[in-house]
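Participant: The primary structure of each chain is shown beneath.
2 protein chains.
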Amino acid sequence: MRRYFFEIAYDGGAFYGWQIQPKQVSVQETIEHALTQLNSRNPVVIVGCGRTDTGVHASSYIFHADLESVTSVEQLQYKLNKMLPATIAVHRIWEVDPELHARFSAVKRTYRYYIHTRKNPFKQAYSTYFPAELNVAKMNEAARSLIGIHDFTTFSKTNTDVKTHMCEVFNAHWEVTEDGYVFAYTANRFLRNMVRATVGTLLEVGLEKITPEDFKTIFESLDRNRCAGSAPAQGLYLSKVEY
Amino acid sequence: MRRYFFEIAYDGGAFYGWQIQPKQVSVQETIEHALTQLNSRNPVVIVGCGRTDTGVHASSYIFHADLESVTSVEQLQYKLNKMLPATIAVHRIWEVDPELHARFSAVKRTYRYYIHTRKNPFKQAYSTYFPAELNVAKMNEAARSLIGIHDFTTFSKTNTDVKTHMCEVFNAHWEVTEDGYVFAYTANRFLRNMVRATVGTLLEVGLEKITPEDFKTIFESLDRNRCAGSAPAQGLYLSKVEY
Chain A
1 MRRYFFEIAY
11 DGGAFYGWQI
21 QPKQVSVQET
31 IEHALTQLNS
41 RNPVVIVGCG
51 RTDTGVHASS
61 YIFHADLESV
71 TSVEQLQYKL
81 NKMLPATIAV
91 HRIWEVDPEL
101 HARFSAVKRT
111 YRYYIHTRKN
121 PFKQAYSTYF
131 PAELNVAKMN
141 EAARSLIGIH
151 DFTTFSKTNT
161 DVKTHMCEVF
171 NAHWEVTEDG
181 YVFAYTANRF
191 LRNMVRATVG
201 TLLEVGLEKI
211 TPEDFKTIFE
221 SLDRNRCAGS
231 APAQGLYLSK
241 VEY
Chain R
1 MRRYFFEIAY
11 DGGAFYGWQI
21 QPKQVSVQET
31 IEHALTQLNS
41 RNPVVIVGCG
51 RTDTGVHASS
61 YIFHADLESV
71 TSVEQLQYKL
81 NKMLPATIAV
91 HRIWEVDPEL
101 HARFSAVKRT
111 YRYYIHTRKN
121 PFKQAYSTYF
131 PAELNVAKMN
141 EAARSLIGIH
151 DFTTFSKTNT
161 DVKTHMCEVF
171 NAHWEVTEDG
181 YVFAYTANRF
191 LRNMVRATVG
201 TLLEVGLEKI
211 TPEDFKTIFE
221 SLDRNRCAGS
231 APAQGLYLSK
241 VEY
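As given, the protein sequences belong to chains A and R, one line each in that order.
Reminder that position 115 of the first sequence reads as 115 in the working numbering, one-by-one numbering, no gaps.
Reminder that position 232 of the second sequence reads as 232 in the working numbering, one-by-one numbering, no gaps.
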């Protein structure tokens, strides 16, 4: 058996998240089903770089699978793309050291959150419509307090079974785009709901409802009830995983 | 009563075309319903610049409505956008001379057809996935034979009740984009299915299955059976109407 990494993109709106769920269509199940078909119906199990919630997109997601030696990864990619729905694209397949693990070997993950400020029927499923002018300088001032190693309890879901809420954030920065804003957020790991809760609270700063200092206080309070609501899923993309 | 022009965009995938249909959701019906609500429930009838088929998008569509004097067109635009679904956006409303007619006064219409060549889950509903390299020079050589005043019987639906198939084409040109190709097609009028039938046949040229000379012969034959299949609706946008 050899280990292969797969880089894919998917439209989160078409799935109930990455992970296999009973009675729901997940990205993982859809891909395992296709790979099993292509593997003479011998069950293939895939291991993803992490979970994405229902509705969250991925422009670059990595998973691994252990397969009998693949003669041509290009052929496998071609066949897999043919078999998978239009909502999942396989961009690259390559063999890796069997020690490399899609989830545990990942050292950095980057999410991007897209906002458009003018109603746009062609973006409604792929970006969040937020018709407001945002104070980007203040959002970036607030976002700087995220950088470094911190306890992210404030921006995590209550019912998670993780042992620690410590995360190391390498980058957290807003930029102005052609039709709105984008937030790039890089960390060693992300807790459940962390990006959307962070964005939701940063938007309060952008609207000048709270100050960057208020944001820091809320972040350091480790009180989930002080975090603003989560930003909607359709603006969020897992966009890079580094090993 | 005063006449107002409305510039809108819509996701054709969400509707059974522009025109009101029994038992189907059309763009026209959706907007008339919203405008009637905003007009103290006095029925508002709107007149579009033309029909678009099921699944065809519009990035710039014009319609007119006759209304009692509107105090603020910005307020009307805001309320209408709030009331309409995310799949329709109102970009502009302005008062015009009551002689101006959204359909009959239009002198040029431009459609654009988008193709992407790499599988992309975020474009599948807004562009046509066509994983092939196309000979753009040959497609443009063929497209040049469309320019001018010609009979477009070859590229029209059989069951249309129009009196003439003569159209004047001002522009018909392919360009390479970041991830594929786009065809811009400007004419005084378009017959039903004309853009998609033209694109379908030009793609045969791009694939070098037929030559630009073959294309010209097919076009001049006025034989609908010689036209290649229609290109799918999701790549097509009405993108400009000129008065």
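It is worth saying that the hints were derived from the structure and are not from the lab.
Here a beta-carbon is modelled for each residue, glycine too, at the ideal position from N, C-alpha and C.
Warning: the hint list may mix true and false statements.
To be verified - Residues on chain R that point at chain A, a partial pick, calculated with CB under 10 Å:
no., residue
1, N120
2, Q124
3, P131
4, L134
Participant: May I ask which of the numbered hints given earlier this structure violates, with the numbers listed in increasing order?
Facilitator: 4
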